[in-house]
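**Q** These are the residues of each chain, in order.
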Amino acid sequence: MQSKRWKPWALLSPALSAVFLLLVVPVCFIVVYSFWLRSPTGADIAAFQFGNYAKFFADYFYPSILLRTIRVSLESVALCLVLGYIPAYFFYRSETRFKSVLLLLIMLPFWISFIIRTMSWINILGDTGLINHYLIKFGILSEPLGMLYNEGSVLMGLIQYLLPFMILNIYVSLEGIDKSLLEAARSMGCTEWQAFKEVTLPLSLPGLSAGSLLVFVLTAGTYLPPMILGGPKNEMIANLIFKRVIGTLDWPFGSAISVVLLGLLLIIVWTYNRYLGINQIFKSLQGE
Amino acid sequence: MPKISGWSLIRFYTILVYAFMFAPIVVVVVLSFNPEQFGSFPMKGFSFRWFIKLAQNQTILIAFKNSLILGSLTAVVSTAVGIMASMAFVRYNFPGKNTLNTLLLAPIMIPEVILGVALLLFIRWLQQPKSFALLVIGHVVLTLPYVLLIVQARLGGIKKEYEEAAQSLGANGLQTFKEVTLPLLTPAILAGMLFSFTISFDDITATLFWATAQNQTVPVKIFGMLRNSISPEINALGTVMIVLTIATPLLAGYLSRKLSRGS
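Chains as they are written, first to last, in this note's numbering: chain D, 7 to 294; chain L, 8 to 270.
The shape of chain D in the complex, shown without the other chains (with noise of 0.2 Å):
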């Protein structure tokens, strides 16, 4: 059966070629394009020149979208931490019968059309919503408070599309923790919380660090929430690639943020994989 060489290249020819010709090609053009001229007339020039990075950086208005957009991703990291241990812990640790539909369920939004997820806020949120609704219902409130287009509701929409990812993170690398380990420290005398800060914890820092990984790289690149439900100043790095390249026909510039942003995540990616290893991502995504 692995006498015949070229059959593994010829079932892998069709799938290899779809990610080359649509993907490494493609982005190759971004990075080219990068160094191309936009006449005033609008129309590209090709050439090599690095006006679109120093256009970029010469003042502080891209750089503070690009420093938001990692501020947003990290805040997203830590609240999807907070929001998502426990549930995960509380999988791996119970032992009721429905463990398998409540694992189902928190899976469910991922099925569920992320537009609709994500506009929905501005009918909990927005001034008519479900919580100014009763607030101003039950007297504690007089006027609608504003809590819409701010980086909280941008927030909510993020951490309510990528939680699912962390907690499925999480919950994987607990899972493959031996019970007996922990069995051995409480028999030894320590409490639950420090059998828990002993031998829990460091044992799901993978999956801890896999989740955050994902979970930074997704919002580094999110474009609907901060559209949706963010305002003029809550502008991600990927709205800016948008307006740049669909609204103002800007290609060279809007391929040089493009490769701005994903350098960034390169930097990152790689630094993680050098460090930690890259495939426990794709196992846990597995696992769904």
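These are computed hints drawn from the structure, not numbers from a lab. Be aware that a few hints might be false.
Straight-line alpha carbon distances no greater than 27 Å define the calculated DSS-like cross-link-like pairs of lysine-lysine that follow [to be verified]: (1) L:Lys137 <-> D:Lys249; (2) L:Lys72 <-> L:Lys60; (3) D:Lys61 <-> D:Lys203; (4) L:Lys72 <-> D:Lys143; (5) L:Lys137 <-> L:Lys166; (6) D:Lys185 <-> D:Lys203; (7) L:Lys137 <-> D:Lys13; (8) D:Lys10 <-> L:Lys51; (9) D:Lys10 <-> L:Lys166.
Label pairs and their in silico Cβ distance ranges [as the list claims (entries may be wrong)]: (10) L:Leu257 <-> D:Pro46: 53 to 61 Å; (11) L:Leu23 <-> D:Leu187: 47 to 55 Å; (12) D:Trp199 <-> L:Ile165: 42 to 50 Å; (13) L:Ile165 <-> D:Ala16: 18 to 26 Å; (14) D:Arg192 <-> L:Glu186: 29 to 37 Å; (15) D:Pro208 <-> L:Ala26: 25 to 33 Å.
Just so you know, even glycine gets a beta-carbon here, dropped at the ideal spot from N, CA and C.
Fit chain L to the supplied structure of chain D, relying on the hints for placement.
**A** Showing chain L alone in chain D's frame:
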């Protein structure tokens, strides 16, 4: 249940997280039955008014048709390509295997905005117009990694011995695949198709780059409608999408169980 101090706190916290996750979904469904002119609270009764309005909206129906065709084509192409590649990764050894596997999974980690710009730029350079075919090939790239993950996990669980037994009994490669591997792989194929269909049906960011006014999908249409304000019609459309996306996997699961019992 293990006796842990603070366990009830953990349980309570988990319930709160569930409430957070499901609040937007529940609110969409509830509000879609509100007969009021504006899609917001308070509820002023219960009616199907906005669903009826939705069913009469020609542009939304066209968007639905586009999304269904796009999702189905994506599911078929992506799963076929994904199964072939997974066979190569699971059943054969060849140089560069791990690197190639990572390369094929890479689109998961690349922001959709980048995929969107890159493919559009390439198409522009080839001087091709945006078309429905662009959406299909784009969605295949988006969904292929997920198909690979699912099918590889499944294929790894099928013992090679079954295939070898068939071959030692005289079956050729194609016969073995058709009679042994394929039936064992059916659940993975269904799961792969379902996954790629849902991702394609749902996709918004990259699709915004690739779609034209003529081939809008449902999410692109919703995105356009949101420019004005949240109309109750969007909530109704959301409810339809929620019901569809929950019903499809349930139905598929039921069918596959029934099929496997039948055979």
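**Q** Each hint: holds or not?
**A** Do the hints match the structure? See the list:
1. L:Lys137 <-> D:Lys249: 18 Å, holds
2. L:Lys72 <-> L:Lys60: 17 Å, holds
3. D:Lys61 <-> D:Lys203: 49 Å, violated
4. L:Lys72 <-> D:Lys143: 42 Å, violated
5. L:Lys137 <-> L:Lys166: 45 Å, violated
6. D:Lys185 <-> D:Lys203: Status holds; Cα separation ~15 Å.
7. L:Lys137 <-> D:Lys13: This hinted pair is violated, its Cα atoms lying about 35 Å apart.
8. D:Lys10 <-> L:Lys51: Measuring from Cα to Cα gives roughly 70 Å; hence the hint is violated.
9. D:Lys10 <-> L:Lys166: Given that 27 Å is the threshold and the Cα spacing comes to 20 Å, the pair holds.
10. L:Leu257 <-> D:Pro46: 53 to 61 Å: Cβ of L:Leu257 to Cβ of D:Pro46: about 57 Å, so the range 53 to 61 Å holds.
11. L:Leu23 <-> D:Leu187: 47 to 55 Å: 30 Å, violated
12. D:Trp199 <-> L:Ile165: 42 to 50 Å: Holds, at about 44 Å.
13. L:Ile165 <-> D:Ala16: 18 to 26 Å: At roughly 20 Å between Cβ atoms, D:Ala16 and L:Ile165 fall inside 18 to 26 Å, so the hint holds.
14. D:Arg192 <-> L:Glu186: 29 to 37 Å: 52 Å, violated
15. D:Pro208 <-> L:Ala26: 25 to 33 Å: 31 Å, holds
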